[in-house]
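Residues per chain are reported as follows:
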Amino acid sequence: MGHSLRLDAYLQFASKAFQREATYRVEVFSEIGSLVLRVYLIRALWTALYAHNRAPANLPLHTIITYSTVALLLSLIFEVDGTRQLREKIRLGTIATDLLKPISIPGSLFSDGVGTTLLHAMSVIPSLLIALLLVHVDRPPDLAAGAAFAAAFALGYAVNFLLNFCMNCVAFWTLETFALQLVVRWLSDLLSGAIIPLTLFPGALQGVLLHLPFAAVYSTPLFVYLGLIHGQQIGRALLEQIAWLIVFSGLGAWIWSRGRDRVVVQGG
Amino acid sequence: MQAWRIRLLTMLEYKANFIMWFAFTIAYHGVAIAALGATLYNFPSLAGWNFRQIAFLYALWMLGHSTHNLLFFSIGEVPVYVQEGTFDRFLVRPRDVLFQIVSVPNQQWPDELALALVWFVFATWYAHVRIDAVFLVAVPLVVAGGVLIDLAISLATATIAFWFVRVDTLRWVVMSLEQEFTRYPVSIYTRGVRILLAYVLPYAFMNYFPAVYFLHKSDQGLAIVPWLGLLAPAVGAVWFAAAYSFWRLGLNRYQGTGS
Numbered sequence: 001m002g003h004s005l006r007l008d009a010y011l012q013f014a015s016k017a018f019q020r021e022a023t024y025r026v027e028v029f030s031e032i033g034s035l036v037l038r039v040y041l042i043r044a045l046w047t048a049l050y051a052h053n054r055a056p057a058n059l060p061l062h063t064i065i066t067y068s069t070v071a072l073l074l075s076l077i078f079e080v081d082g083t084r085q086l087r088e089k090i091r092l093g094t095i096a097t098d099l100l101k102p103i104s105i106p107g108s109l110f111s112d113g114v115g116t117t118l119l120h121a122m123s124v125i126p127s128l129l130i131a132l133l134l135v136h137v138d139r140p141p142d143l144a145a146g147a148a149f150a151a152a153f154a155l156g157y158a159v160n161f162l163l164n165f166c167m168n169c170v171a172f173w174t175l176e177t178f179a180l181q182l183v184v185r186w187l188s189d190l191l192s193g194a195i196i197p198l199t200l201f202p203g204a205l206q207g208v209l210l211h212l213p214f215a216a217v218y219s220t221p222l223f224v225y226l227g228l229i230h231g232q233q234i235g236r237a238l239l240e241q242i243a244w245l246i247v248f249s250g251l252g253a254w255i256w257s258r259g260r261d262r263v264v265v266q267g268g
Numbered sequence: 269m270q271a272w273r274i275r276l277l278t279m280l281e282y283k284a285n286f287i288m289w290f291a292f293t294i295a296y297h298g299v300a301i302a303a304l305g306a307t308l309y310n311f312p313s314l315a316g317w318n319f320r321q322i323a324f325l326y327a328l329w330m331l332g333h334s335t336h337n338l339l340f341f342s343i344g345e346v347p348v349y350v351q352e353g354t355f356d357r358f359l360v361r362p363r364d365v366l367f368q369i370v371s372v373p374n375q376q377w378p379d380e381l382a383l384a385l386v387w388f389v390f391a392t393w394y395a396h397v398r399i400d401a402v403f404l405v406a407v408p409l410v411v412a413g414g415v416l417i418d419l420a421i422s423l424a425t426a427t428i429a430f431w432f433v434r435v436d437t438l439r440w441v442v443m444s445l446e447q448e449f450t451r452y453p454v455s456i457y458t459r460g461v462r463i464l465l466a467y468v469l470p471y472a473f474m475n476y477f478p479a480v481y482f483l484h485k486s487d488q489g490l491a492i493v494p495w496l497g498l499l500a501p502a503v504g505a506v507w508f509a510a511a512y513s514f515w516r517l518g519l520n521r522y523q524g525t526g527s
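These protein sequence lines are chains A and B, in that order. For the first sequence, counting from 1, position 121 maps to 121 in this note's numbering; every step adds exactly one. For the second sequence, counting from 1, position 198 maps to 466 in this note's numbering; every step adds exactly one.
Simulated from the structure, these hints should not be mistaken for laboratory data. Don't be surprised by glycine CBs; every beta carbon is placed ideally from N, CA and C. Please note that a few of the clues may not be correct.
Selected chain A positions facing chain B (in silico; Cβ < 7 Å) [to be verified]: (1) 44; (2) 200; (3) 204.
Given these sequences and hints, build the entire structure.
Set out below in structure tokens:
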């Protein structure tokens, strides 16, 4: 990745991705349609569960509805996988010409992902408005929690990008990675707290899950948002996210250089 | 029959792929069931249903849905054929169009159905369902009804592609309605949604109403009689007949404008 950082080039990648995605307006509509159904389902399910059971400590109905709804909105952003192109580029062999260009491929994928994400983030706004018609979403308890949420979200976004990047790099070794990726996607949805809060899992399992890298993507930003962790706990959670960021940056760089060498050597 | 045999032989050619997709199938349903399990671990009763009963509810849906996917998956591809213009090749051949589409060679493995059978046997035992002559006769009929309901709705959705070429949005919404709303007892929804799931897109007949019968639950909302769920095959037949007429109508229109 030793190329000089040409910011304008990467901004171009981001804006190209934004324009490309904007042509698929139909998908935005289907996203909003399925979002309405899911928000309705969140309300129906948790309302029914809280009607006949004792609520767990510090998880009243409005908190869990906020948790699930914000998790759903976050998933609209996190499900954008800018690195998916990498798999196609490797499969078709066009990665070879990209390697000749004076840009960093991981950098261009990140910019592309950011551009795509920006468009999806814009579709989050109408989605949020519709969601607010169906359910009441709490705001973060105070300004500090809001700021900490922004930081945790940015770190979660970066960790998510690196996890996807490492997954897609597997295509350097085996071309059939689609099913594998879907398996990891489903499992990480469950283990990251994207479907239900990790605190609902039984004790010992919960302790493990809260410290896996998946938790850094969804669970940490959501707990910060809801004020379920505060003070020093927030600092520790952010540090843990940073630690995962460093670990996966290293792992990503290593896999990437190994994979690139394979292409260069094979290509002659 | 010949068509199924050829398909089976094709599948055996791709063994490594099969293992990957089997892992995917297990992960998909495993995650859904684990999330239900963790939720009901904290909240033991969902509108009077415990986790054992929810497991049975899921198993009934899974049996019908996976059988439908195995046999009729290619119907979902009709909008793609129409978009790409490859649909016309079915029209020039001397066989029923729907039969041809259903027998298009594809890579659908019976892995999901196998998993569904295993889970169903387990859930039946786990939920303490009484196995008697009625159960043994009714289950295959209910599953057949479920397959027909699934088939009717996917056929009707595909038919809309003859008028509006892009139906991805609609398909997506109907699909998530089916996959996510059938996981829970229909009684948790508001009246409009309950009526929709019972009598418009009758997914409730795939699992909810039959489960109400097999588990001796009561539903004050919509089930007029406890054995309503046993009408699943009849509901499936009626909805399929309606969907098939709609399909013929769409086909005529397509041929009318096409030539």
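For each hint, the structure was consulted:
no.: 1; hint: 44; result: holds (5 Å)
no.: 2; hint: 200; result: holds (5 Å)
no.: 3; hint: 204; result: violated (13 Å)
This entry does not satisfy hint 3, going by the numbered hints stated previously; all others are met.
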